[in-house]
Every structure is written in structure tokens, then in C-alpha cells.
Amino acid sequence: MKLVKFTKKGIYCIPGKFYLDPWFPVDYAVISHGHADHAKWGMKHYLCHDDSKAILKHRIGSDITIESLPYNRQKVINGVQVSFFPAGHIIGSAQVRLEYKGYVVVFSGDYKVKNDLLTTPFEPIKCHEFITESTFGLPIYNWLEEEQLQQQMHDWVLNNQSKNRTSVFLGYSLGKAQRIMKLMEGLSDIYVHSAIHNINQAVNTSGISLPKTKLWTVNSNKKDIQNKIVIVPPALLGSNMIKRIPNAATAICSGWMQIRGNRRWQSVDAGFAVSDHADWNGLLTAVKATEAEKVYVTHGSQAAFSKYLNEIGIYSEEVKTEYGTDEDETVVKTKTEPVS
Amino acid sequence: MKHFSKLISDIEITNKTNDKIAALVSYFSSAIDKDKLWLIAIFTGKRPRRPVKTSLMKQWCIEISNIPEWLFLESYSTVGDLGETIALLLPKPTHKIDKSFSKWMEDIIAVRTKSDEEKMQFIKNAWSGLDTQERLIFNKLIGGSFRIGVSKKTLVNALAKYSNIEANQLMHSIIGNWNINEISFSQLLRGEHINYDNSKPYPFCLAYALEKELDELGDINDWQIEYKWDGIRGQIVKRNSEIFIWSRGEELVTTQFPELVTAVSKLEGDFVIDGEILALKENSILLFNDLQKRLNRKNITKKVLEEVPIGFYAYDLIEWNNKDVREQALSYRRDLLEQLFSAQKDNKVLSISETIKVNTWKELSPLRDNARLKDSEGLMLKQKNSPYHTGRKKGDWWKWKVDPLTIDAVLIYAQKGSGRRSAHYTDYTFAVKKDDGLVTVAKAYSGLTNEEILEVSRFVKKNAIEKFGPVRTVKPELVFEIAFEGIALSKRHKSGVALRFPRISRWRKDKPVEEIDTIESVKQLIYSPN
Chain H
2 MKLVKFTKKG IYCIPGKFYL DPWFPVDYAV ISHGHADHAK WGMKHYLCHD DSKAILKHRI
62 GSDITIESLP YNRQKVINGV QVSFFPAGHI IGSAQVRLEY KGYVVVFSGD YKVKNDLLTT
122 PFEPIKCHEF ITESTFGLPI YNWLEEEQLQ QQMHDWVLNN QSKNRTSVFL GYSLGKAQRI
182 MKLMEGLSDI YVHSAIHNIN QAVNTSGISL PKTKLWTVNS NKKDIQNKIV IVPPALLGSN
242 MIKRIPNAAT AICSGWMQIR GNRRWQSVDA GFAVSDHADW NGLLTAVKAT EAEKVYVTHG
302 SQAAFSKYLN EIGIYSEEVK TEYGTDEDET VVKTKTEPVS
Chain D
1235 MKHFSKLISD IEITNKTNDK IAALVSYFSS AIDKDKLWLI AIFTGKRPRR PVKTSLMKQW
1295 CIEISNIPEW LFLESYSTVG DLGETIALLL PKPTHKIDKS FSKWMEDIIA VRTKSDEEKM
1355 QFIKNAWSGL DTQERLIFNK LIGGSFRIGV SKKTLVNALA KYSNIEANQL MHSIIGNWNI
1415 NEISFSQLLR GEHINYDNSK PYPFCLAYAL EKELDELGDI NDWQIEYKWD GIRGQIVKRN
1475 SEIFIWSRGE ELVTTQFPEL VTAVSKLEGD FVIDGEILAL KENSILLFND LQKRLNRKNI
1535 TKKVLEEVPI GFYAYDLIEW NNKDVREQAL SYRRDLLEQL FSAQKDNKVL SISETIKVNT
1595 WKELSPLRDN ARLKDSEGLM LKQKNSPYHT GRKKGDWWKW KVDPLTIDAV LIYAQKGSGR
1655 RSAHYTDYTF AVKKDDGLVT VAKAYSGLTN EEILEVSRFV KKNAIEKFGP VRTVKPELVF
1715 EIAFEGIALS KRHKSGVALR FPRISRWRKD KPVEEIDTIE SVKQLIYSPN
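One line per chain: the protein sequences are H and D, in this order. Under this note's numbering, residues 2 to 341 are what the first sequence spells out, in order. Under this note's numbering, residues 1235 to 1764 are what the second sequence spells out, in order.
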């Protein structure tokens, strides 16, 4: 059975006549999550998870035609049963499950398997075909336990405070920023850049409660943030806005920071391997749990991960998509995010 | 190791030099003597010989982590560092080994003479008893270079802050001959094994780029004019039969240039001279890349000595028979320098930087334009009555560099960098047109901003032909302007030409690949006086 095919516009569901996270404008788009490389502008109709709805409206436009579903609720489109399951990637992120005449295909979108205490945790789903990401699909990527990671970041902030420094974290406004807020909750006042503040508000309208933050703008009093925590989008790295923070120590939060060379390449003080993607073992666990007879590997280390799956007896093909061009998947994003 | 590992963490988590120095000072204030000595030893390249082959370490890591070899290699090409790749691939530790840093070093030395079986036991046990960061440190102590965020200079500055001893003296002390078992930390710092009075250098006098019209400089006869050489600026100190060579980075590089030491030893008297170390072969100057083969090496092999012979062009004399003559006029110092060199006319290694004699400023311009024919990068203009200043001072010394040559070339291969550049395609090979195809003409590693590197990296990932390994062949599409200091015919290069110091001057997004240079147009740049 051929339920999906990979086209120039995106992943296409043949009987359902709709696309999954298409990168060109189409009539009907089922969206896994709100990151810009998955939720693009120009679709006539959007379908996403309830918690992504406000985010998509905020990012793409309030006038889009959009419908949403909770997790594990079916909607039938041209005979195809479509449902969302938690992907654990960011708030509102979903795996898309497609069932047609008893044949099941699951599109993972982006996912992480560990619980970040903020996002609905990832759930494995049995299927015939699984379309998985592979952003960190090499065995060198193994994340620390959440408590250890938190400890490292807390130690850094406390050490900065002892030197009278303000701790500035760089993280994407959707996903990473909220994750950092959660990790830092209760340690100190947290100030956020307006791009993050706006996303937080969109998330709040879905009824999700986030750690308390304060808006930080160019007009804010510098004294207020002294010794505190400030979270800004990575596009601000090296900008005057950061330079204006007196005694700042800066840190990038990204899975790429696992590698020393990546930490040193950026002109920041510290790098923490905080990722919203599955690590090597996470990917393997997730793939195995689906018991899929065919695994398509998309963006990231698709060549290596797919080759490895075949070697351990899981039939796999690599697929070229347009995903992975921003958010966590590049070390530093250079545009697409409105700055200050 | 815990203490040492903490120090490395503290150093790695900041890019502020003062924080690094503070972390080192705190380590010096609290660590045991032997650990401190080992720290100085490994940060200055005094490491023990590698006890275990890297191929064995790789093999053991593959066994333990249970991955295929190709996946190990793929991981290695992403990380760009073998010790780190292994540290990341190994499973979580099963127990905790707590040994001092110096004890680890002693064990590493001791294992060298053991059997492969015993070596394996030792390494595997260490790996399973250390966390990821400690493993990385351990792997680095075993072999490879130990370069972790601390330059020799930073180390010396931290020692200076800790001990209140002058930095240059400490540089001489730690680089001098000392044995870890025969000296205490404080003896080492006090320099009991050296005579600092013999090695003490002076701060270099530096020039600014010319920012005036030549006419504004006054009478040309008041100026000493020389070619500007692109090598390593160096100061040679000879006192009481001891010879020291300092680089501009205030590092002692004496052992890297043994033929220079021999040549200087033949000169009479005590002196300090300033000049340029150049790679010189059969009277032509080799590429700076060649000269770099002589640096950062503990041992200079015969092969390197033959491949990259060096020479020294003397610019100035700043101490003469133990008398500081920096305040004397340049013309006086030049006389002394000529006097010193007059005794040895046919020395192949040592020569005096020739002065250029012209009567008017007008005559000088073409000489600068054609400086390339001499493998020089321009001219130096020095006021004849100027003292030897400390550092950079405007007005007395000017450098007047020739504009670089440029060509437009297309990117055809890209490779990931190493170390900090390992995440991105940062090392590029460029080609120009030849007949119906392309021929590689230059490699360049610098000139793009980090953002441009990301953009090129994305293009490479999308358009690469190979999927595995470090090198990617890409569709010839991105055009760059390559700037370089000189060009010569070369039999070693497929294109038939060698470019001197090529780098990317800009990304020609406006230029289609059809409009890049041809190898003929590139060759026309050779020997064409402007």
C-alpha cells in the first residue's frame, strides 16, 4: 500500500489528498508543530494540535483558516483517519498518525523522548511505516539527564551572580526559550526578549501555564536585570542589544553544544547541550518501538542513521526534505526571527 | 583528576581571558606541587611520549561502544577530534576512579613499556571510571596536543599574577630545561634553572599602515626604506654565549630554528637584533604556510629542516655589547647593524634587510607596486632619526603594503574544519576555467563571516555529491573573489600556478559561474609589473 509519497511540495498523503508540513503553498496542510520550517505560510487550510493553534496564528497570521484537534482524537479526511500523538518536541508538537484501510503511517515531525516537564511527553505508536527525523542521528549525541543538565546551568548562573554578572541565555523563541524558563524557574527573576514574550502569550492563550517572566526591552532599566537571567533569541548574538547588558555572561543552549568545537566557534562564554530533539539512543528507541516495517529518515544525519538502521535489520530509506533549516537544527539562526 | 577537571571546566565555560587567568591562579593556590608542575608541562608541550597507538584506542572504543567502524569515522569527522570522539562514544562510566592529576601522568608514563594487553586493561579501566569530560582530558593526556583554551601566554600571565614575577622571565623559565622530578614549583617560577638576564627581550617596535601622502612625509633622504617581508617577526638575543629567539607573540622559539642559532653563534659580541624569519629556498621566499611547518613543533626533524630552510633578514639592532641603544637614532643603529654583519658576508642564513635608495618619492611608487616580484608584500618607511619605540607609535615607522591581486573562482570542494570549525564546511577549494572544464587553483580557509560560513555550509549540505567522509564535492555554482599576495609558476600544482596567501575577499553573489577567470587570465598576473 502506498499511503504517502515524497513530492517537491512536501510529504503527500495520496488517498487523503493533503500534505504533511509542506514547504510550498497547498490546499490542505497537516502541521506537526509551530517551527518555521514545518509550519509555512500560504496554505489554504491548516490542521494542527490544539496547543499549536495560537502559535501558528501568531507566527503566520491571525486570518489563516485553521482547525485543531486534541491528542488522540480522529478526524477523517477523504477516508484517511488522521490523529495527533504527543511528540514531546515543543508545546503543541505532534506526531501525525494516518490510517487507511488498516494501514498505518506515522510522521514524527520533530520529537524528543525525554520528559522536559513542560511538553506533553512523547508516546511511541505502532505503525507500518514511520517517518523519523534524524537531527542528532549520530552516536556522539547523548544528552545528560534533565537534573544534571539543570545543575550545570544553575551552577553557571550562581557563579555569574557571585561575580556580579547577568546570565544571558540564547535560545529560540519558540520551544527552547520556554524550556530554559522551566529549567531556571525559581532560581532568579527571568527577563525575556519581546519575541519570546509574544510566543509566551500565544502559549498562555492555550491555557498552558509557563514560569513567570518579565519583558525586557531596550528601554528597561539596566539595573533591574543586574545578576538576573535574560533569555534572548540567538539572532541577537553579537548585537548591540546584548552589548548593552552590563557585565553579561552569555550561553548558547542547543544540542550542537555537545561538541567542544561548536562551543568554541561561537563567541559566547558557555554552551549547554539543551535539545528538543531525540538523541542517538532516543531515536533508536523510538524507531524500534514503532515496530515499523519501513522507516523513512528525514533531515539531519539521514545518510548515517538510515544506513545504520539497515545494518541492524530495520529496512530504511533516506528522504530529502526541506526541514531542518532553522530553529534548533542550525547552530545559529541568521534570519526569519523579528529582531528587537 | 577532579580538581584538574574542574579547572578545565572553569576555563572552558568562559571566553574572558581574565576569568581563565583567575581560574588558573586559584588552581595554583590550591593544587599540590606535582600537579602544578604537570599542568605547566602539558600546556607548554612537554608531554611524555604517547604510550598507546591511536589505532588501538580507536579499535577498543569501537569494541566497547559496539558500533560499526564507518559510524565511528562518521562521528570522528563530525567532532573533528579523536580524543573527544572517543569520550563521547563510550557508554556511561560504571565506577569512579579518583586519582590525582600527577598520579595519572605517572601511570601514563609507566604503561608505555607494558604489553598491549596491559595497556588495554589500563585504558579500558580508565574509560569506565571517568566521566565524559575527564575521559576527554585523559585521552588528550595520552596523546595528541593538549590545547584547551589556554595559550602559553595566558598560562604565563596567570603565573605572573600568582607570583608577581615578570611574565617574560616566567616564559623563559617554563620553556627552559627542567625536569619534573628535580625541581619544585617555586624553584621553577623563580627561574633557578635559568639565567633570565641572558634571555630578556625588548618589546617590539611596530608600524602603522601609511595614512598620508608620500609628499607629506618630508624629505625622502630622512627616511630609511626597506622591503616589507611576510614571515615571523623575531628578536634574536645573544648574551654571554647564550642565544634566544623570541617571536612577536613573546614566545621563545629558539628550538624551532636550530640553523639560525648556529649562524648567530658565529657573530662576535653580545647583541639583540630585530628582524624577520622567512622560509628561504634557493633565494626565493616560500609560502608562509611552509614556514608554519617550523612552528608549534617540539622536534624539528631533518626532513623539515631540508624542506623548509629558513633565513633571517635583520632590520635593527637594539642592544650592543650589553648596552640598550633603543634611544639612539635609527641611522646610528643601522651603522652598528651593518658593522656586525660585515664580518660574515656569505652567510646563507643571516642577512641584512637591504635598504632602497631613491632620490624622490615619485620613484618609490613603482617599486612598491612591483614589490611582489621580490616576494615582498610592500615597503617599510622608517624615519632615520627615530628611536626604537615600545609598541606601536604613529609617525616614525610606516608600512606601505601593495594591494592584493584578485581573481574570481568557483567553489568545488568543501571540507569541515577541525577543532572549533568542525561543525561547518569552512575549508574550501576553488577552481577557475580551463578548456571546457575546471582546474583547482587555490584553497582558502578565511575571509568569510560566521554567517556566510553557515550559508555556504547549508549549500554544501544540499548540493554535495558524497554522503560520508569529510570532503564534499559540490556543484560549481558559488563564486568568490580570491585575494592573494603573489603568484608564481609551479610544477607541483595541477593548475601550474601557486598563489601566495590566498583568502576569500568577498562572495560574488552577483556573478554567475560562467564569468569566472580562466587559467590563462590567472597566469597573466604573473610578472606583469603594474
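If you are wondering where the hints come from, they were derived from the structure by calculation, not from laboratory data. Fair warning: this is a prediction, and the values are worked out from it, not measured in the lab. Keep in mind that a hint or two might mislead.
Partner residues are not named here, just some residues of chain D that face chain H (Cβ under 8 Å, in silico) [what the hints assert, rightly or not]:
| id | residue |
| --- | --- |
| 1 | 1302 |
| 2 | 1702 |
| 3 | 1705 |
Here are the simulated lysine to any residue pairs, SDA-like style, with alpha carbons at most 25 Å apart [claimed, not checked]:
| id | chain 1 | residue 1 | chain 2 | residue 2 |
| --- | --- | --- | --- | --- |
| 4 | H | 321 | D | 1386 |
| 5 | D | 1386 | H | 268 |
| 6 | H | 308 | D | 1701 |
A virtual CB, placed ideally from N, CA and C, is assigned to each residue, including glycine.
Checklist entry - Holds or violated: residue 1302 of chain D as interface residue toward chain H, Cβ cutoff 8 Å? => result holds (6 Å)
Checklist entry - For the hint on residue 1702 of chain D, does the least C-beta distance to chain H fall short of 8 Å? => result With a closest approach of 7 Å, the residue 1702 of chain D hint holds.
Next on the checklist: What's the verdict on residue 321 of chain H and residue 1386 of chain D, does the C-alpha distance respect the 25 Å limit or exceed it?
Outcome noted: With Cα atoms ~47 Å apart, residue 321 of chain H and residue 1386 of chain D exceed 25 Å; violated.
Checklist entry - How about residue 1705 of chain D: closest beta carbon in chain H under 8 Å, or not? => result violated (15 Å)
Next on the checklist: With the threshold set at 25 Å, check whether the alpha-carbon distance from residue 308 of chain H to residue 1701 of chain D stays at or below it.
Outcome noted: Within the cut-off at roughly 11 Å; holds.
Item to check | Hint consistency between residue 1386 of chain D and residue 268 of chain H [alpha-carbon to alpha-carbon, up to 25 Å] | outcome: holds (21 Å)
Checked against the numbered hints given earlier, this structure breaks hints 3 and 4; the rest are met.
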